[in-house]
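Each residue of the sequence shown is one higher than the one before, counting from 126 in this note's numbering.
Please note: incorrect hints may appear among the correct ones.
[Unchecked claim] Here are the simulated PhoX-like cross-link-like pairs (lysine-lysine), alpha carbons at most 25 Å apart as the crow flies:
| id | residue 1 | residue 2 |
| --- | --- | --- |
| 1 | Lys391 | Lys340 |
| 2 | Lys340 | Lys389 |
| 3 | Lys372 | Lys213 |
| 4 | Lys340 | Lys372 |
Keep in mind the hints are simulated off the structure, nothing from the lab.
Note that the coordinates shown come from a computational prediction; the quantities given were computed from them, not determined experimentally.
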Amino acid sequence: MVKEILSGKTRMARTIRDYAIITFGLFLYAVGWVLFLIPAEITGGGISGVAAVIYFATKIPVSISYLVINVFLVLIAIKILGANYGVKTIYSILILTGFFALFQNFSIQPLVNDTFLSAILGGMAGGVGLGVVFSRGGSTGGTDIFAMIINKYRNISPGRIILLCDVIIIASSYMVFRSPEKLVYGYVSMWVVSYSLDSFLSGANRSAQMFIISKEYEQIAEYINNEAIRGVTLLDGTGWYTKKDTKVIMSVVRKKETGAIFRKIKQIDPDAFISMGSVMGVYGQGFDKLKL
Numbered sequence: 126m127v128k129e130i131l132s133g134k135t136r137m138a139r140t141i142r143d144y145a146i147i148t149f150g151l152f153l154y155a156v157g158w159v160l161f162l163i164p165a166e167i168t169g170g171g172i173s174g175v176a177a178v179i180y181f182a183t184k185i186p187v188s189i190s191y192l193v194i195n196v197f198l199v200l201i202a203i204k205i206l207g208a209n210y211g212v213k214t215i216y217s218i219l220i221l222t223g224f225f226a227l228f229q230n231f232s233i234q235p236l237v238n239d240t241f242l243s244a245i246l247g248g249m250a251g252g253v254g255l256g257v258v259f260s261r262g263g264s265t266g267g268t269d270i271f272a273m274i275i276n277k278y279r280n281i282s283p284g285r286i287i288l289l290c291d292v293i294i295i296a297s298s299y300m301v302f303r304s305p306e307k308l309v310y311g312y313v314s315m316w317v318v319s320y321s322l323d324s325f326l327s328g329a330n331r332s333a334q335m336f337i338i339s340k341e342y343e344q345i346a347e348y349i350n351n352e353a354i355r356g357v358t359l360l361d362g363t364g365w366y367t368k369k370d371t372k373v374i375m376s377v378v379r380k381k382e383t384g385a386i387f388r389k390i391k392q393i394d395p396d397a398f399i400s401m402g403s404v405m406g407v408y409g410q411g412f413d414k415l416k417l
C-alpha cells in the first residue's frame, strides 16, 4: 500500500515537472515570435505563421487567430483520430495562446534593428522552445495535427506535409507585404527553427540501438513493444563472470524516444544494465525506406 502511494506521488511529481518544462518551452517559443519575428514583420511556419499573416493583414491579435484555427483542427482531430487525442497538445495550445495574448503588446518595435538578426534570433528561440516542448512529449498542434490527419488517409510523410505547409504559409506573406525580402527572411527563420530544434534534441530523428539486461526483461520488452511501439528482439546470453544464462533485450528506437524508455526501465528495474549506441542508418518498418 505504501509502495503504491509513493509510486503514485512519484508519477504525479514527474507529470508536474513535465508540464512545467513544457510551459517553459512554450514561453521561449512565444518570445521568439513576439519579441523578434512579429515586430520585424517576419512570417514563420506553422499555425503561428498563419496567425501572424492574419495579424499583418487585419491587425487581429495573433492569440485569437491561433486559438480559433487550432480549436477547429483539434475538433477535427478528435473526430478522426479519436477522443483520446493528446492532452499535452491541447494544454500547449491554451498556454501558448495565453502567452501570445499577454506578450504581444509588450514589444511593438523590433528588439533589434537588423531584420536578418531578428529572423535568426526569433528562429533560435522558437526552435529551442519547440525542442523543450517535444522533449517532454508535448506539441503545439497546428500543422502537426493537419499532417497526422493527412497521413491517416495518404501514405505521405508527416514531415513532408509540415514542410510543404510551412513553405506555403511563408509564401502567403507576399500577398500582404509584396516584398521578396520578407519571403527570404521568413525562410531563413524557418531554417533556423528547424536547425535549432534538431540541435537541441541532439539529432532526435537519428536512431539508437539499445541492449538491456534485466531480470524483469518481460515487463520491459512489453513496454517497448506495446507502449513505445518499437520492435524488440530477445537474445540469449551468458554472464561470463556468473556463468548464468540471461536474456538480452535488443531494440532500435528513435533517440527522442529514449528518455521515456529510460524512465520506464528505471521504474521497473533500477538495477537494469543498459548499453546504447548511435547507429548511422536504420531501414525497414517504422524507420527509413531503402532508396537504392
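Outcome of the hint check:
no., hint, in the structure
1, Lys391 to Lys340, "holds (13 Å)"
2, Lys340 to Lys389, "holds (15 Å)"
3, Lys372 to Lys213, "violated (36 Å)"
4, Lys340 to Lys372, "holds (8 Å)"
Hint 3 alone, counting from the list given before, is not met by this structure.
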